[in-house]
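Here is how the chains run, residue by residue.
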Amino acid sequence: MFDFSVVTTWIDELLRVTLGLNNFWTLFIEFILIGVVLLAVYAIIALILIYVERKICAFFQCRIGPNRVGKWGLIQPIADMIKILLKEIITLKNNDKFLFYLAPFFVIVGSILTFAALPFGLGLHAVDFNVGIVYILAVSSLGIIGILLAGWSSNNKYTLIGAMRSGSQLVSYELSAALSLMTIVVMAGSMQISTIVEEQSDMWFIFKGNIPAIVAFVIYMIAGHAETNRGPFDLPEAESELTAGYHTEYSGISFGLFYVAEYLNLFITSAIAATVFLGGWMPLHIPGLDGFNAVMDYIPSVIWFFGKAAFCVFLQMWVRWTFPRLRIDQLLKFEWKILMPIALVNLLVMAVCVVVF
Amino acid sequence: MKSFCNYIKSIVLGIWNLLLGMKITMLNFLRPKITEQYPENRGKQVMFERFRGSLTMVHNDKNEHGCTACGICQMNCPNGTIKIVSSMIEDAETGKKKKVLDKYLYDIGTCIFCDMCVSSCPQQAIAWSTEFEHAVFNRSKLVKQLNNEGSTLKVKEKSAPKTEVA
Ligand code: SF4
Ligand code: SF4
Numbered sequence: 001m002f003d004f005s006v007v008t009t010w011i012d013e014l015l016r017v018t019l020g021l022n023n024f025w026t027l028f029i030e031f032i033l034i035g036v037v038l039l040a041v042y043a044i045i046a047l048i049l050i051y052v053e054r055k056i057c058a059f060f061q062c063r064i065g066p067n068r069v070g071k072w073g074l075i076q077p078i079a080d081m082i083k084i085l086l087k088e089i090i091t092l093k094n095n096d097k098f099l100f101y102l103a104p105f106f107v108i109v110g111s112i113l114t115f116a117a118l119p120f121g122l123g124l125h126a127v128d129f130n131v132g133i134v135y136i137l138a139v140s141s142l143g144i145i146g147i148l149l150a151g152w153s154s155n156n157k158y159t160l161i162g163a164m165r166s167g168s169q170l171v172s173y174e175l176s177a178a179l180s181l182m183t184i185v186v187m188a189g190s191m192q193i194s195t196i197v198e199e200q201s202d203m204w205f206i207f208k209g210n211i212p213a214i215v216a217f218v219i220y221m222i223a224g225h226a227e228t229n230r231g232p233f234d235l236p237e238a239e240s241e242l243t244a245g246y247h248t249e250y251s252g253i254s255f256g257l258f259y260v261a262e263y264l265n266l267f268i269t270s271a272i273a274a275t276v277f278l279g280g281w282m283p284l285h286i287p288g289l290d291g292f293n294a295v296m297d298y299i300p301s302v303i304w305f306f307g308k309a310a311f312c313v314f315l316q317m318w319v320r321w322t323f324p325r326l327r328i329d330q331l332l333k334f335e336w337k338i339l340m341p342i343a344l345v346n347l348l349v350m351a352v353c354v355v356v357f
Numbered sequence: 001m002k003s004f005c006n007y008i009k010s011i012v013l014g015i016w017n018l019l020l021g022m023k024i025t026m027l028n029f030l031r032p033k034i035t036e037q038y039p040e041n042r043g044k045q046v047m048f049e050r051f052r053g054s055l056t057m058v059h060n061d062k063n064e065h066g067c068t069a070c071g072i073c074q075m076n077c078p079n080g081t082i083k084i085v086s087s088m089i090e091d092a093e094t095g096k097k098k099k100v101l102d103k104y105l106y107d108i109g110t111c112i113f114c115d116m117c118v119s120s121c122p123q124q125a126i127a128w129s130t131e132f133e134h135a136v137f138n139r140s141k142l143v144k145q146l147n148n149e150g151s152t153l154k155v156k157e158k159s160a161p162k163t164e165v166a
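Chains as they are written, first to last, in my numbering: chain A, 1 to 357; chain B, 1 to 166.
These aren't lab readings, by the way, just hints derived from the structure by calculation. Keep in mind that a hint or two might mislead.
Unchecked claim - Here are the simulated DSSO-like cross-link-like pairs (lysine-lysine), alpha carbons at most 27 Å apart as the crow flies:
1) A:K55 with B:K144
2) A:K157 with A:K93
3) B:K2 with A:K337
4) A:K55 with B:K44
5) A:K97 with A:K87
6) B:K9 with B:K97
7) B:K9 with A:K333
8) A:K337 with B:K9
9) B:K62 with B:K2
10) A:K71 with B:K33
11) B:K44 with B:K23
12) B:K23 with A:K333
13) A:K83 with A:K55
14) A:K333 with B:K2
15) A:K71 with B:K154
16) B:K144 with B:K62
17) A:K55 with B:K23
18) A:K157 with A:K97
What the hints assert, rightly or not - The following label-pair restraints were derived from C-beta to C-beta distances:
19) B:S140 with A:R327: 53 to 59 Å
20) A:L21 with B:I11: 55 to 61 Å
21) B:L30 with A:K83: 47 to 53 Å
22) B:K9 with A:A43: 30 to 36 Å
23) A:L142 with B:I11: 28 to 34 Å
24) A:R327 with B:V58: 56 to 62 Å
25) B:T35 with A:V37: 53 to 59 Å
26) A:I29 with B:I8: 55 to 61 Å
In this text, all values refer to a predicted model and were calculated from it rather than measured experimentally. Where is the CB? At the ideal position from N, CA and C, for every residue including glycine.
Please model the complete structure; the sequences and the hints are all you need to start from.
So, in structure tokens, the structure goes:
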């Protein structure tokens with residue numbers, strides 16, 4: 001399998017040895033490079049996801065979806081993007097301008113920080129430290145600050161209700177998500193994402209961990225889905241009740257940032273699920289079948305990663321376009337009375353399994 | 001204990017129902033899509049038969065129509081969409097005066113496709129066509145003359161049974 005650290009070490013050598021830069025400048029240039037690459041990938045994934053979402057949504061509703069701009073409507077998201085960039089940013093009266101314009105950046109920064117911590121392939125891993133899972137959980141919930149700020153600073157009842165709902169939803173579901181990830185941490189014995197992926201080299205955790213791992217996977221998918229404010233959990237932006245929830249008052253590029261962040265959070269949730277439960281970039285290995293494993297190794301790690309993430313994205317879209325929106329009491333009851341207890345028991349079962357076997 | 005059993009039961013039932021819903025949407029997802037792709041299927045696609053596209057006057061192959069210029073359709077039309085231009089001529093054989101249709105003008109720009117005209121016509125002289133591409137470049141083109149150039153009134157057999165008007 002191709003190791004991308006060959007490329008990264010080559011760049012490092014180039015800067016240090018060939019160009020003879022000192023430590024500071026080498027790191028400076030490398031950080032900028034990584035930042036630019038991550039942002040570019042972020043934007044590209046957003047475009048792809050917008051297209052895929054529209055297409056899949058259409059297929060679930062027995063429609064064809066975008067099919068006019070380019071072959072099969074492939075250029076549609078680019079046209080959408082240009083449209084959003086050209087739109088006027090409407091300034092409001094009587095609102096907190098500073099917080100209003102700051103809010104989308106909180107949302108987007110939160111999601112980019114999480115995005116940077118994903119292992120995209122063998123040797124393609126920007127942020128990797130020994131408490132990776134905690135880092136991911138922490139920065140992914142930064143976005144909620146942006147949502148609360150957006151709802152508050154717009155000075156509008158719809159945005160405020162939306163933001164408050166979003167807050168209570170995120171605080172609740174974050175627990176289940178963290179507990180289900182902890183279940184796997186117990187099994188892997190490490191919080192470092194690269195170690196978690198390495199641990200799955202003989203078998204993915206969802207197969208290795210038997211029932212507790214499968215339950216944790218399902219719980220994580222549900223809780224992660226709720227955190228992205230989509231699908232049956234889209235109370236914060238319930239358009240039939242709150243027009244657009246917390247981003248009602250936004251227009252132009254600031255709306256675009258919310259929009260992109262929503263799609264990227266979808267991807268990030270799926271990617272974390274893929275990494276932690278489905279082995280990340282690790283190919284499917286079945287112990288004992290060496291020929292099969294060797295064949296699987298020929299598929300590049302990046303394809304494995306994005307394939308698994310795409311699978312999870314599809315699952316989430318499937319759920320989104322199937323179920324109707326919950327009420328706020330149902331939503332909270334679902335979390336506190338069902339998901340959380342199950343996640344806790346599951347964690348306990350997993351701990352017992354790990355200790356006993 | 002009982003409530004705990006109910007709790008577990010409700011969870012299992014809930015999961016089952018959710019899966020059922022997801023199965024239905026998946027079947028929809030895989031179903032072939034029947035959306036008509038309009039400009040591509042131009043000419044091939046068939047409109048359903050009762051579609052009210054545009055008012056037409058029925059002409060037979062001898063270029064005869066059934067309109068006696070009675071004006072009932074014009075009176076029934078809520079929008080003044082129909083304008084009948086007629087003239088009186090004298091019948092050469094009997095010497096009786098008779099009204100004949102010169103022009104049947106139909107302004108599709110004001111028509112609301114209510115079907116009052118067609119259903120009130122005692123002669124079934126007018127009917128709907130399913131043609132739906134009405135765009136033109138100026139408004140005067142929306143007024144169409146429905147009777148063909150040089151068409152004449154159909155000669156009716158004397159004992160034609162009276163037709164029920166729906
Ligand atoms: S179309 Fe029918 S109703 Fe109208 S004037 Fe002719 S015969 Fe009379
Ligand atoms: S369909 Fe209605 S509006 Fe149109 S011409 Fe007939 S009576 Fe008038």
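Violated hints - listed by number, lowest first:
1, 6, 9, 11, 15, 21, 22 and 25
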